[in-house]
Amino acid sequence: MADSSTEYILRTHNLVKRYKNVAALDHVSINIRRSTIHGLLGENGAGKSTLVSLISGLTAPTEGTITFAGEQVQGFDVKQMEALGVFLVTQEPMIVESMSVADNLMLGRWPVKRGRGLMKTVDQRALLANAVAALEGTGLDPRMPARTLSAVAKRKLNILRALHSGGKLLILDEPTAALTLADRDHLFGFMRSLKAQGVSFVFISHYNEEILGICDAVSVLRNGRLAGEMDDISSITSDNLSELVIGRDVPLFYRDRATRHAHATSEGWRVEGLVAPNIAVGNFTIAPGEIVGFAGLPGSGAKEFGLSLFGLNRAKQGHITHGAQRYGFAQHPEDAFARGIAYLSDDRHRDGLVGLQSIAQNITLSSLGKVSRAGVIDAFAEKQVVKRYFDHLRVKAVAPSVLLGTLSGGNQQKVCLGRVLATDPKLLILDEPTRGIDVGVKEEVHRIIDALTREGLSVIVITSDLDEMVRMVDRVCIFVGGQIEQEFTGADIDKDAILQAAFGTALAN
Amino acid sequence: MQPRSEFPAHPSPSNAATMSPQPAAPVAATPRSKTGVQWLFQNVVWLWLAALIVIFGVLNPFFFTLSNLQNVLVQATVLGLLALAVSLPLMVAEIDLSIASNMGFSAAIGAIVTTRLGLSPAIGVPVGIAAATAIGFFNGLCVTRLRMVSLIQTLAVMIVLQGSLLAVTQGNTISDMPNLYIWIGQTTLGNWPVMPVVFLIALLGMGFLLRKTVLGRSLYATGGNALAANSAGIRVNRVKIIAFTLSGLLSGVAGYLLAAWQMAITSDQGEGFLLYAIAAPIIGGVSVFGGRGGAAGILGGVLLLTVIHVGLAITEVPSFYVQMIGGILIFIAVAVDAIRVNFVSQ
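Taken in order, these protein sequences are the chains called A and B. Residue 261 in the numbering used here sits at position 261 of the first sequence, with consecutive numbering throughout. Residue 548 in the numbering used here sits at position 39 of the second sequence, with consecutive numbering throughout.
Hints listed in this document are in silico derivations from the structure and should not be mistaken for laboratory results. All figures in this text were calculated on a predicted structure; none of them were measured in a lab. Every residue gets a Cβ at the ideal spot worked out from N, C-alpha and C, and that includes glycine. Warning: the hint list may mix true and false statements.
To be verified - Now the in silico label distances, taken between C-beta atoms and shown as ranges:
#	chain 1	residue 1	chain 2	residue 2	range
1	B	V669	A	P298	45 to 53 Å
2	B	A676	A	V398	20 to 28 Å
3	A	D492	B	L655	50 to 58 Å
4	A	D391	B	A847	55 to 63 Å
5	A	R116	B	P570	44 to 52 Å
Stated by the list, open to error - Beyond 10 Å from chain A on every Cβ pair, some chain B residues (computed):
#	residue
6	V553
7	I621
8	L628
9	S629
10	A665
11	A676
12	S684
13	W701
14	A741
15	H818
16	A822
17	N851
Make the full structure from the sequences, and use the hints.
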């Protein structure tokens with residue numbers, strides 16, 4: 001008893017969670033050592049969320065027990081788990097933007113000066129003093145309005161809040177989502193320093209390299225079962241992890257750059273003299289069937305260039321030539337679609353999908369003109385289009401009439417891809433196309449895009465996933481300060497070289 | 510806040526055998542799953558409506574007569590058109606509070622053109638409806654181009670229009686409309702009033718618009734996620750302006766029908782309709798957050814409120830209690846709908 005209470009902060013014993021007759025979690029036992037970062041890996045639907053909700057007290061298990069610091073946990077309740085010191089820090093930072101950092105740090109637990117009930121007055125001085133002490137050395141200013149914080153600072157604040165409330169084991173659910181590489185390293189450094197102070201973490205991520213980079217141990221879930229647990233991951237490779245996650249040797253996709261051939265039927269694109277907010281590109285060309293990767297820090301112009309082509313970042317000057325046709329820059333996505341330019345957003349929840357509408361309605365949303373006559377939708381034509389992309393992209397859903405909001409992230413992303421492909425684009429801009437989707441779907445998406453380029457589609461991929469970049473593109477453009485600074489082609493495309501060129505200055509800090 | 514018009518209580522010549530109290534849904538509901546409980550919740554408006562019809566019918570068998578059905582349909586017409594007018598901005602996650610005052614004001618414009626300028630109703634009525642449409646268009650411009658908050662912007666326009674109605678009528682009631690003007694509100698064909706046909710056409714038009722057209726899809730997408738709709742190539746501002754403009758058009762038609770039916774335009778014409786016109790589509794499943802709802806549901810909400818209104822009037826509930834009980838019945842409908850939404854979203 002004494003042994004385990006010192007060695008392990010939390011253990012689960014044969015946890016089972018059944019919803020009706022389906023076991024979401026099937027006899028899962030994991031052991032989280034004190035002062036470690038414990039990775040939790042698995043595809044969407046593998047049982048990660050279920051396990052997390054059991055550990056954090058959101059739901060009760062059907063069978064099995066949990067021990068915290070050697071003591072068996074009685075009853076399952078968020079308040080009780082928090083009292084023990086187990087906190088769930090979710091993907092979305094729970095921050096009241098209009099309040100200060102100090103107010104957020106002690107949200108709902110503000111020190112009271114006098115009064116009772118709702119008439120209590122907050123002791124501003126004590127609040128600030130506490131906050132100053134708690135935030136010392138973290139780089140956060142307690143007086144700042146929370147809305148001015150960067151994405152990584154908000155995540156740090158979330159973590160600090162959990163610690164300040166007595167957190168000993170923090171469950172971080174995809175804390176690196178939407179962070180840049182530099183911010184991610186910053187967050188990792190912060191986690192390591194907390195670990196050194198005795199804090200334990202459960203770290204959930206889709207990225208093998210993140211797990212390998214920060215975690216001490218890892219548990220992999222597959223189909224609700226524990227597929228593997230490793231106490232020491234120093235000798236594990238990324239491929240080992242992928243194999244555990246998917247349960248077979250994942251044939252990783254590598255684009256065959258050699259067999260690209262010229263397309264007589266398709267035309268390339270040329271951009272000249274583009275001037276738009278945060279971007280100025282004198283000359284850029286992309287051949288038919290070519291995949292060009294854009295890399296750069298936020299604000300470097302990589303994303304802005306893509307948005308300018310699509311009309312979401314309005315260009316002031318410049319034009320595009322496609323074959324014999326010459327256009328000004330699109331001022332609205334509608335113009336862009338009409339010219340054969342399509343863009344897939346990096347944040348599907350923000351501006352990629354309409355969750356209240358069906359899969360089918362989302363697929364044809366950008367190509368309604370093609371399936372209608374005089375403003376009236378041709379149900380038959382629409383059905384054909386929907387069927388083509390629903391089948392082709394292998395969307396996992398009962399039927400295309402299912403509401404899109406109910407699907408998993410990977411399937412939602414497929415539908416978003418289907419929507420832009422249904423416009424029959426000649427130039428496709430993909431912004432972080434595989435962010436937040438699991439390995440299996442990721443490889444599938446890579447293959448689909450590769451196949452499309454064989455038919456003459458030109459593709460621009462904006463990504464911070466360098467692994468993806470290296471395996472997928474024919475050419476890399478490095479953006480610095482709103483301009484294309486450097487290009488790599490063919491065999492020169494190398495992870496370290498891109499990292500150095502695109503993010504080098506930031507990593508030096 | 511009851512609609513001020515009393516329904517004309519026709520003595521009933523028909524016998525009990527000719528009753529047909531069940532309104533049929535002319536437009537299919539939104540896609541639904543087939544499990545029993547969900548089906549029940551999806552159609553809760555209709556179940557509640559059927560229950561009330563039975564209750565009122567038991568309390569007063571007159572409720573089951575044909576002439577009462579005709580009366581319900583007449584009463585439902587103005588409210589129904591207004592409910593459709595409210596629904597369009599709601600679909601795109603906006604709101605238009607000016608529709609009821611727009612209804613009164615635009616009707617007065619049309620009537621004044623007819624009575625004071627002596628022009629034919631064939632000119633006066635379109636002028637009034639055009640004025641209402643222009644006001645809707647103006648609201649749309651304010652909300653999109655000037656980025657005004659529709660709740661407050663249309664509230665201000667509502668007050669302006671109420672004041673304008675008072676100003677143009679000088680506090681008097683306009684009642685000397687020619688026969689041609691009031692024809693639509695007074696004519697019956699084989700005992701059946703003509704007026705509800707207008708609502709029926711508008712309802713079918715709305716159903717067609719929402720289900721079959723590119724504009725309908727664009728309305729849903731804009732209300733469901735405006736940023737995504739914009740990125741998908743939909744001109745979101747244009748869609749919103751169209752929603753407000755159509756809303757104004759429907760208010761104008763409702764205003765003309767109300768005037769033709771009452772044969773009068775008072776200096777506070779239309780007041781009292783607004784809250785019911787907002788309640789009806791929401792009871793019928795239109796979301797105040799946009800992107801959700803359909804014509805069938807709106808019809809259900811309109812009929813429900815009308816049945817409550819008419820039913821309370823003929824069941825000899827003392828008049829001091831009518832509004833309170835009506836409010837409670839509406840409250841129950843909204844509460845059940847909230848339960849339904851929670852249930853479905855789980």
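To see whether the hints hold, each was checked on the structure:
Checked against the hint of 45 to 53 Å, the pair V669(B) and P298(A) passes, with Cβ atoms roughly 46 Å apart. Restraint check, A676(B) to V398(A): a C-beta distance of roughly 59 Å breaks the suggested window 20 to 28 Å. Judged by the Cβ atoms, the range 50 to 58 Å given for D492(A) and L655(B) holds: they are separated by roughly 52 Å. For D391(A) and A847(B), the Cβ-Cβ distance of about 38 Å falls outside the hinted range of 55 to 63 Å, so the restraint is violated.
For the pair R116(A) and P570(B), the beta carbons lie near 60 Å from each other, so the given range of 44 to 52 Å is not met. With a minimum CB-CB distance of about 19 Å to chain A, V553(B) clears the 10 Å threshold, and the non-interface call stands. At roughly 36 Å, the least C-beta separation between I621(B) and chain A is larger than 10 Å, which holds for a residue marked as non-interface. Distance check on L628(B): its Cβ is at least 34 Å (rounded) from any Cβ of chain A, clearing the 10 Å threshold; non-interface status holds.
Remark: the non-interface label on S629(B) is consistent with the geometry, its nearest Cβ contact in chain A lying 33 Å away (cut-off 10 Å). The beta carbon of A665(B) sits about 26 Å from the closest Cβ of chain A, which is more than 10 Å, so the claim that it is off the interface holds. No beta-carbon of chain A is positioned within 10 Å of the beta-carbon of A676(B); the least distance is around 40 Å. Non-interface status of S684(B) relative to chain A is upheld: no Cβ of that chain comes within 10 Å, the nearest being about 42 Å off.
The claim that W701(B) lies off the interface holds: its Cβ sits roughly 31 Å from the closest Cβ of chain A, which is beyond the 10 Å cut-off. Against the 10 Å criterion, A741(B) falls within the reach of chain A, whose nearest CB is about 4 Å from its own CB. H818(B), annotated as away from the interface, keeps every beta carbon of chain A farther than 10 Å; the closest lies near 32 Å. Every Cβ of chain A is farther than 10 Å from the Cβ of A822(B); the closest lies at roughly 38 Å, confirming the non-interface assignment.
With a least CB separation of 15 Å from chain A, N851(B) remains clear of the 10 Å interface cut-off, as annotated.
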